[in-house]
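A.B. asks: In order, the protein sequence lines correspond to chains V and S. When we follow the numbering used here, the leftmost residue of the first sequence carries the number 1436, and every step to the right adds one. When we follow the numbering used here, the leftmost residue of the second sequence carries the number 2, and every step to the right adds one.
Hints are computed from structural coordinates only; laboratory data are not their basis. Just so you know, not all the hints are guaranteed correct.
[Stated by the list, open to error] Simulated crosslink set (SDA-like; lysine to any residue; CA at most 20 Å straight-line):
| no. | chain 1 | residue 1 | chain 2 | residue 2 |
| --- | --- | --- | --- | --- |
| 1 | V | LYS1565 | V | ARG1440 |
| 2 | V | LYS1535 | S | PHE17 |
| 3 | V | LYS1530 | S | TRP83 |
| 4 | V | LYS1537 | S | ASP31 |
| 5 | V | LYS1617 | S | TRP83 |
| 6 | V | LYS1537 | S | LEU40 |
| 7 | V | LYS1618 | S | PHE17 |
| 8 | V | LYS1618 | V | SER1533 |
| 9 | V | LYS1565 | V | GLU1445 |
| 10 | V | LYS1565 | V | LYS1617 |
| 11 | V | LYS1617 | V | TYR1556 |
| 12 | V | LYS1537 | S | LEU26 |
Computed from a predicted model, the values in this text were never measured in an experiment.
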Amino acid sequence: MSELRRNFIEGLRAELPILIGVFPFGMIYGALAVNSGLSTTAAQMMSSIVFAGSAQFVTAQLVSEGAPAFVMILTIAVVNLRHMLYSASLAPYLKDLSLKWKVLLSYLLTDEAYAPSILYYEKEGLAKYKYWFLFGAGISLWLNWQVSTAIGVFLGASIPDDLSLDFALPLTFIAMIVPVMKKQPVIAAAVSAGLTALLAYSLPYKLGLILAALVGILVGMLLEQRESAKEKQ
Amino acid sequence: MKDIWFVMFAGGLITFGMRFSLIYLFGKFDIPETMRRALHYVPPAVFSAIIIPELLLSNDALDLSFANTRLLAGILAIVTAWYSRNTLFTILVGMAALFLLQWLGL
Chain V
1436 MSELRRNFIE GLRAELPILI GVFPFGMIYG ALAVNSGLST TAAQMMSSIV
1486 FAGSAQFVTA QLVSEGAPAF VMILTIAVVN LRHMLYSASL APYLKDLSLK
1536 WKVLLSYLLT DEAYAPSILY YEKEGLAKYK YWFLFGAGIS LWLNWQVSTA
1586 IGVFLGASIP DDLSLDFALP LTFIAMIVPV MKKQPVIAAA VSAGLTALLA
1636 YSLPYKLGLI LAALVGILVG MLLEQRESAK EKQ
Chain S
2 MKDIWFVMFA GGLITFGMRF SLIYLFGKFD IPETMRRALH YVPPAVFSAI
52 IIPELLLSND ALDLSFANTR LLAGILAIVT AWYSRNTLFT ILVGMAALFL
102 LQWLGL
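Isolated chain V, as found in the complex (with noise of 0.2 Å):
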């Protein structure tokens, strides 16, 4: 098998269990949308061109409560601010490539996309052929995503919504991240996260969440600063 398909293979394989998490949320972000009031087409298109679940699902909130457009726009982009995080910390891995696949891959970098493929990249390295990786991974969720909203817009409000199954989601992030918690900076910044984005939950359009990632960040560099100082002594 040649490189590009072992690595598109690979990134579909690990894609796959994720999909089973954000298929029911795919379909009740499509039953919400189309229950706060806008039209189906509406509803579908906003999960190519927006692309982006938490998003949507904020929107098609203000979409119910008669928010102004403008606000709808702002909360769009500080909920979207953290995929600037995941760029930066892609673009190592990806600076090589034309800018049609650096286009084609921003545009499928969603955090389901970005979690398997940021540690297939720190595991596995630079290599020829990767980003077919992170390409897998990225255009199995959008199909995916453009099903179960389909199927969401399409059931509409006789979907349950004390199911739970939004619940899959966050086990998908679990199970994603639990397994690198290896070393002491890498937990450290996990855990102070965590208790920001807690303390922090109030803040309006989930900017709680971008000041817990730059704290966990913070955190976790000044630990590894300590630990290869110990070393050096």
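Got chain V sorted already, so can you dock chain S onto it with the hints?
C.D. replies: Relative to chain V, chain S alone:
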């Protein structure tokens, strides 16, 4: 809601812009070493910041009681993830635990 198409296109463009920004920029310039080290902590920090409130808050208030079924199912999922290192298995165990706890009426 006629503005919604404007909101979607503007929101989509901004989202794409943020996803593209540093992938593009760091193709032109080198990433500073400090930043490279900082970025290593993005996944644990961001995902933990998403997970922890999902488990510990119910109806926007801290809930550390046994009645918090998401917390119990989440802890079981964390243990499962640590030992099995299997994504699908972890999701299935977590969902099964949540359904079971809710069915038991906890």
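A.B. asks: Does each hint fit the structure? Answer for all of them.
C.D. replies: Structure-based check of all given hints:
no.	hint	verdict
1	LYS1565/V / ARG1440/V	holds, 10 Å
2	LYS1535/V / PHE17/S	holds, 14 Å
3	LYS1530/V / TRP83/S	violated, 33 Å
4	LYS1537/V / ASP31/S	holds, 16 Å
5	LYS1617/V / TRP83/S	holds, 10 Å
6	LYS1537/V / LEU40/S	holds, 19 Å
7	LYS1618/V / PHE17/S	violated, 33 Å
8	LYS1618/V / SER1533/V	violated, 35 Å
9	LYS1565/V / GLU1445/V	holds, 10 Å
10	LYS1565/V / LYS1617/V	violated, 25 Å
11	LYS1617/V / TYR1556/V	holds, 17 Å
12	LYS1537/V / LEU26/S	holds, 11 Å
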